[in-house]
Amino acid sequence: MENDVTQPGEESLFKAPPLAEQERMLEAMLFASTEPLTTREMAARMPHGCDPAEALVLLRKRFEGRGVVLTRVGDGWAFRTAADLGFLMSRETVETRKLSRAAIETLAIIAYHQPATRAEIEEIRGVSVSRGTIDQLIELEWIRFGRRKMTPGRPVTFVVTDQFLDHFGLETPRDLPGIKELREAGLLESRMQPGSFLGAQSEDDEDEDVLDLEEDQSDMFDG
Amino acid sequence: MENDVTQPGEESLFKAPPLAEQERMLEAMLFASTEPLTTREMAARMPHGCDPAEALVLLRKRFEGRGVVLTRVGDGWAFRTAADLGFLMSRETVETRKLSRAAIETLAIIAYHQPATRAEIEEIRGVSVSRGTIDQLIELEWIRFGRRKMTPGRPVTFVVTDQFLDHFGLETPRDLPGIKELREAGLLESRMQPGSFLGAQSEDDEDEDVLDLEEDQSDMFDG
Amino acid sequence: MSDTEHNDDDAFDAVAERRAAEALIVDVDGFEGPLDLLLTLSRTQKVDLRKISVLMLAEQYLTFVEKARSLRIELAADYLVMAAWLAFLKSRLLLPPEPGEEGPSGEELAAHLAFQLERLSAMRERAAQLMARDRLGRDRFQRGVPEQVETARTVTYTATLFDLMQAYSRIRTKDEFRPFVLDRDSIFTMEEALERMRGMIGFTGEWVDIISFIPDGFRRDPGRRRSATASTFAAALELVKAGKAELRQNEMFSPIHLKSRGPDGE
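These protein sequence lines map, in sequence, to chains E, A and B.
If you're matching positions, the first sequence starts at 6 in my numbering and goes up one per residue.
If you're matching positions, the second sequence starts at 6 in my numbering and goes up one per residue.
If you're matching positions, the third sequence starts at 11 in my numbering and goes up one per residue.
For reference, chain E alone in the conformation it holds in the complex:
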């Protein structure tokens, strides 16, 4: 922004590489990385004036129907092999730990109800969530802590991660199978028992230690 005579637009016209060249660059970067890259990350590595978003459209189109396809994962993009060719890759398969039924259900509940509190998960499953279950899902990097709920006790919430989306081939959480129907059927509403029974119970026992900690933390805002 010094004493440029040219407009920023013109400048990038002269200096930015042609779109086809930008597409090559994206291709190289995305091939080289195992993890999804965001357009911001890619732009940072490309010469000044490049627009990854535009080149990305071309690149995605180019790989449509190919053995390797360009997939969106949350905010990022990644090349992944086409699902119908999985049979060729038996040797690359990493044997994953088998998840317990409790873990699978807990994961689904978090994905569909996110952000979900522990009490909500327990309310839906009708049983308490064991310590190991959440731990396992966090370790797999499929869930993480979200914002605290603005309800009494300010319970923490759980949300799914980009790794979750990547693993299950979802572009965004909105692409979860049947989520629209569930919402329309009112099955994603947090409805508690009239009166009190299941669930209400687990809400009550928000331990004092949470409060304790919060008190501690809230001190810093008083300053």
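Quick caveat, the hints were computed from the structure, so don't treat them as lab data.
Think of the CB as a built atom: it goes at the ideal place given N, C-alpha and C, for glycine as much as any other residue.
Hints may contain errors.
Unchecked claim - As a list, the in silico BS3-like pairs of lysine-lysine whose alpha-carbon atoms are at most 25 angstroms apart:
no. : chain 1 : residue 1 : chain 2 : residue 2
1   : B       : K61       : E       : K185
2   : B       : K100      : B       : K56
3   : B       : K100      : B       : K61
4   : B       : K100      : B       : K77
5   : E       : K66       : A       : K66
Unchecked claim - Residues of chain B clear of chain A, computed beta-carbon distances all greater than 12 angstroms:
no. : residue
6   : G43
7   : E111
8   : E112
Since the structure of chain E is already known, use the hints to place chains A and B on it.
Frame of chain E, contents of chains A and B only:
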């Protein structure tokens, strides 16, 4: 893919998949493989009757001049970044290291107890905090100096920064999971009695005066 | 709420149902809580969950619990809590509400239970669909050899929230939660001073400058010296208080002398 009329099962029984399909298979295998693949290895994984050599010619041609190229490596084949785009990979070599145990513990204490004085950190960790540890965390911009404590000696305090929140995906320091949540997630050992933890926590608060006095003392001897 | 489709023709079904219930009992460990069991029982009604007869379901459940009891199978407490609640629900559904009675009606409670079952069932289905998707590392694969071009290497430090939490948990669960200890070796405590002086004054019968009790390591460095001086002085006062020594000082700021009162001074 293209205009398949036959079922996949029949296909492999009677005739090899169309060449375009074979090309897709090569593309996927070469992409996902951890090492270069020979045509023989690829043929072994593909349906009966496939000819990788022929499809390889097509695939190689397809990637000519692209961001990645199909390269011969020894007896095998592998995708490699085009030589002229190597500069894009340079940022990928940022080496990330895990924080030392001392640093992560110090950071955790500051995050949970902020504003925290050096003496408080030492009290909780049970060992003295090296200057390097604090310096490193400040350099990472994860902690900064807070207000001085209004206690004798007016010790400086440390608090976490916005960059810290950003890095750890927290919106506010209040979103840090509390003790109860840590325990529920299986991160706290059960052998620790909840009571004793609580006790320790509240003791900290009571001991504040004592702590500050001791720090005061140390200042005096620093002379 | 009571059912009209309960004909005598269903006698056969009732037997089959009872058999099914018995089979369930053997598998009581296979259930993840009472809600799960209720969902399984509801399947025997072979109707859409929205049309389920909650009353009939309550009866099925109570039969199950009764049966388990007769077979002397111990059920976890939450199963019994649910049984009690269902018995209460049943009475609410069957009896007209008492005048002035408070709380939700039987229908409201039944509707919520049906909602819970439908929701649990829906989540189960979705969970199964999720697990059946084309998964990374099983059906879809990432690049086998991520490329690394070695150039200028910058080091950044990283940690995840998980690391942070683990670290904090680790500190908080240390076996011994030791009280505050000064880990500074430049401090000579009063206890140490007292220990040292007790060992030395037994042999002295004459006035000695208390400075001479300061150990060698604490004489040079001003900070250490100050600490040792203070603690030695405090220890000397302690000895006087205990009647084991006498102190004297000729004038302000002059050296302080200490003399043992001898072994008989005890």
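For each hint, the structure was consulted:
Simply put, B/K61 and E/K185 have alpha-carbon atoms about 22 angstroms apart, close enough for the 25 angstroms limit, and the pair holds. Distance hint between B/K100 and B/K56 is fulfilled; the C-alpha atoms sit about 21 angstroms from each other, no more than 25 angstroms. About 17 angstroms separates the Cα atoms of B/K100 and B/K61, which keeps this hinted pair within 25 angstroms; it holds. Taken as a hint, the B/K100 and B/K77 pair is honoured in the structure, with Cα atoms around 18 angstroms apart against an allowance of 25 angstroms.
Among the hinted pairs, E/K66 with A/K66 is consistent with the structure: their alpha-carbon atoms are about 18 angstroms apart, no more than 25 angstroms. Against chain A, the non-interface label of B/G43 holds: every CB pair exceeds 12 angstroms, the least being about 17 angstroms. Once the 12 angstroms rule is applied to beta carbons, B/E111 is consistent with being away from chain A; the minimum gap is 37 angstroms. For B/E112, the non-interface assignment is confirmed: its Cβ lies about 33 angstroms from the closest Cβ of chain A, beyond the 12 angstroms cut-off.
Comparing the model with each earlier hint shows no violations; every hint is respected.
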